[in-house]
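The task is simple: from the sequences and hints, build the whole structure.
Line by line, the protein sequences are chains D and Z.
Yeah, the first sequence ends on 422 if you go by UniProt numbering, and it's all consecutive.
Yeah, the second sequence ends on 259 if you go by UniProt numbering, and it's all consecutive.
None of these hints come from the bench; they were simulated from the model.
It is possible that some hints are incorrect.
[Claimed, not checked] Now the stretches of chain Z that chain D is said to cover, found in silico as 3 or more residues with beta-carbon under 8 angstroms:
1) 76–85
2) 96–109
[Stated by the list, open to error] Going by beta-carbon spacing under 10 angstroms, a handful of chain D positions derived as facing chain Z:
3) 297
4) 305
5) 306
6) 382
7) 383
Quick caveat, the model's predicted, so the values are computed rather than measured.
All residues carry an ideal CB built from backbone N, CA and C; glycine is no exception.
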Amino acid sequence: MLTLRLTLTAPPLALLLRLLLLCASAGIGLLLLATLSYALEHPGHRAAALVRLLWCLVPLAVAAQLAAALGRTEPRPEARSGLDAAGLGPARLPLLAARTAAAPGLAGSALVLLVTARGDIGGLFGTDGSVHGLTLPGAATGLPLPEQPLPAPAVVTLLSTVPLLTALAAAWGARSSAPAPAAGAAAEPGTSARSHRGPAGSEQTLAGRRDDSGPSCRAGLLWGAVLTSGGLLLAAYAPQMATVTGTARLEDRAVRIEDLATSPLAAGWLLAAFGLMLTGPGLAALSGRLLGALRPGPVRLLAGRTLVREAPLLGRSLGALSAVAAALLALARARLTGDAPLAPGPLVGATATLTGCCVAGAVLAALTRARHARAPLGELLDRIGAPRRLGRAVTLLRAGVLWAVFTALATTAGMLTPLPPH
Amino acid sequence: MAAPPDDVLWARGVHYAYDGSPALQGVSIGVREGEIVALTGPRGSGKTTLLRCLSGQVLPEQGEVWFNSAPVHTLGRAARERLRLHRFGWIDSSPRLVPELTAWENAALPLLLHGSGYRAARRAARSWLDRLDVGDCASKRPDALRQAQRQRVAVARALVHSPTVLFADEPTAPLHQSDRAQVLRALSAAARSHGITVLLASHDFTLDQAARTSDATGAALADRIVTLTDGRRSRTPAHSGAAARSAGPEGAAACSLSV
Chain D
1 MLTLRLTLTA
11 PPLALLLRLL
21 LLCASAGIGL
31 LLLATLSYAL
41 EHPGHRAAAL
51 VRLLWCLVPL
61 AVAAQLAAAL
71 GRTEPRPEAR
81 SGLDAAGLGP
91 ARLPLLAART
101 AAAPGLAGSA
111 LVLLVTARGD
121 IGGLFGTDGS
131 VHGLTLPGAA
141 TGLPLPEQPL
151 PAPAVVTLLS
161 TVPLLTALAA
171 AWGARSSAPA
181 PAAGAAAEPG
191 TSARSHRGPA
201 GSEQTLAGRR
211 DDSGPSCRAG
221 LLWGAVLTSG
231 GLLLAAYAPQ
241 MATVTGTARL
251 EDRAVRIEDL
261 ATSPLAAGWL
271 LAAFGLMLTG
281 PGLAALSGRL
291 LGALRPGPVR
301 LLAGRTLVRE
311 APLLGRSLGA
321 LSAVAAALLA
331 LARARLTGDA
341 PLAPGPLVGA
351 TATLTGCCVA
361 GAVLAALTRA
371 RHARAPLGEL
381 LDRIGAPRRL
391 GRAVTLLRAG
401 VLWAVFTALA
411 TTAGMLTPLP
421 PH
Chain Z
1 MAAPPDDVLW
11 ARGVHYAYDG
21 SPALQGVSIG
31 VREGEIVALT
41 GPRGSGKTTL
51 LRCLSGQVLP
61 EQGEVWFNSA
71 PVHTLGRAAR
81 ERLRLHRFGW
91 IDSSPRLVPE
101 LTAWENAALP
111 LLLHGSGYRA
121 ARRAARSWLD
131 RLDVGDCASK
141 RPDALRQAQR
151 QRVAVARALV
161 HSPTVLFADE
171 PTAPLHQSDR
181 AQVLRALSAA
191 ARSHGITVLL
201 ASHDFTLDQA
211 ARTSDATGAA
221 LADRIVTLTD
231 GRRSRTPAHS
241 GAAARSAGPE
251 GAAACSLSV
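Below, the structure is given as structure tokens:
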């Protein structure tokens, strides 16, 4: 009941994210079932089926990231202390987050189950394992989906992965040791009392723990740069290898997509996207440091330093978003220049769109968290009488710098991404 | 009606309510220049609300607030922000330092907001931190400081631009007894030496004579004690005693502290 109430009274952003999670769950469920159907149709092609299954991990990972962001954002910080007082403390809060995140995942999976069973729910619980009612809704929706009957236990197992994974990810995000903003570390009476109570040694470790975000950001930047360039290089050399082995069959688009999925080109793209995501925090922290350097005025000082502090919060999601933007740019380049544009199937296209939306949703959640973290600063500026336009200028400058840096990153990556040969 | 000329801050019949629940019910107060006024009363008696009304953070629903013979209650938001930035200082019960700025940058924030140069602001902030005995922490982040040190940085931030009036809302609430005495002594000594008017709110002024002799309560450092009860001023018998005692040995000791 508490889960339901917290879901119904959630702010619009949380409801939007849950809706996204529901859609993502349904989309990934259909994708998994299509993979199962392919494996049943082609019992000989084990490697191809395995590659398809592995590609399902990408949207799964993104959905898990969204669920973790949801677990970090919801319930809101002001509601958390009340829940803590009521007995839903740091130990039990992950359970609540898991339940609230599993609900939309379950709803999406149930939707897929209903569609595949075509209203014949009774058939699910029949005595024989293979139920003829369970097929992908290709004919009903007019989509080119396989019409292979699916075994019910496999369907239920596959469909339960998404709710399970989102629940685990949300619990992981809501755990008390999750990376929290050091927001108002000195401003909040609770945290300051905690650090005050401890002896000098624990204060040192507290300070040391906060200070080591710099090196970790730098290491992330380095690793991200290495992975991105490695991925782009791999993708650049992949077409040559493909022409050497002669696997590119241009006449059949479906086969071509499949070839693409198994080629080093796609692996390079994936590696580069992962690298971009790792680059995010370091890049945001670096731009914040540069912004606050060289005798800054109050606007530059506050914008730069808050950017450095919020880099671990925002960086990953912004890096992932720039990877999505780079992919869109590469797609646009392929459409403009290529005479044989990429034509993914409807299911793959829908799942890719949903994945992009999930990444954007995670960015929204991270931005909300960052705004919550900045609230004490706004209160302080109001107390000491800073003009309102100062706060607005700080926000605008920070947003502008982030936008410029990550747009440049996405544009560079998108322009450098090698396209499949035509 | 113009305010009496010798009162730097003057309020009459101030009423304020938070969403219908009354916090102040007709409080009048006058503060002379250079005076240290202790505002006392139990929690919920309206001390913080009165300070917020007097400093122009909120507008009273009824009543008037005057600063230097100019009305505050009729000013717009921007004008009140300017007033707070240039003429008032504010110390909260928690330090409320910006965690990503170093101690001296925190202390220099009002000067930077005034538009002073980076170097001048750093010099002024460092000198104030030195005077308040936290000069060696100037380059540390608030995370690395002890609570008493953080509160002193907050005091430096409130004093760095030499305000006319300093509002201190329970500045010693999160501190231990020894730290309380230190912070209050530093605060009052700095205010006396610079002729800054101070309004000091605290709920733990013990009004018996024995406690007043120890300056851990802050009452010993004040010229005058104003007591609030349920949003109204209440006159206590100890009130006149405090005023008479203000020139006593403890007050003189506080004044003679070199800062």
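Comparing the hints with the structure gives:
1. 76–85: Since three or more residues must qualify, the claim that chain D covers the region 76–85 of chain Z holds, with 8 doing so at under 8 angstroms.
2. 96–109: With 8 residues in contact (Cβ-Cβ under 8 angstroms with chain D), the coverage given for the region 96–109 of chain Z holds.
3. 297: holds (7 angstroms)
4. 305: Result: holds, 4 angstroms to nearest chain Z Cβ.
5. 306: At about 6 angstroms, which falls below the 10 angstroms cut-off, the nearest Cβ of chain Z leaves the hint on residue 306 of chain D intact, so it holds.
6. 382: holds (7 angstroms)
7. 383: holds (5 angstroms)
Checked against the numbered hints above, the structure violates none of them.
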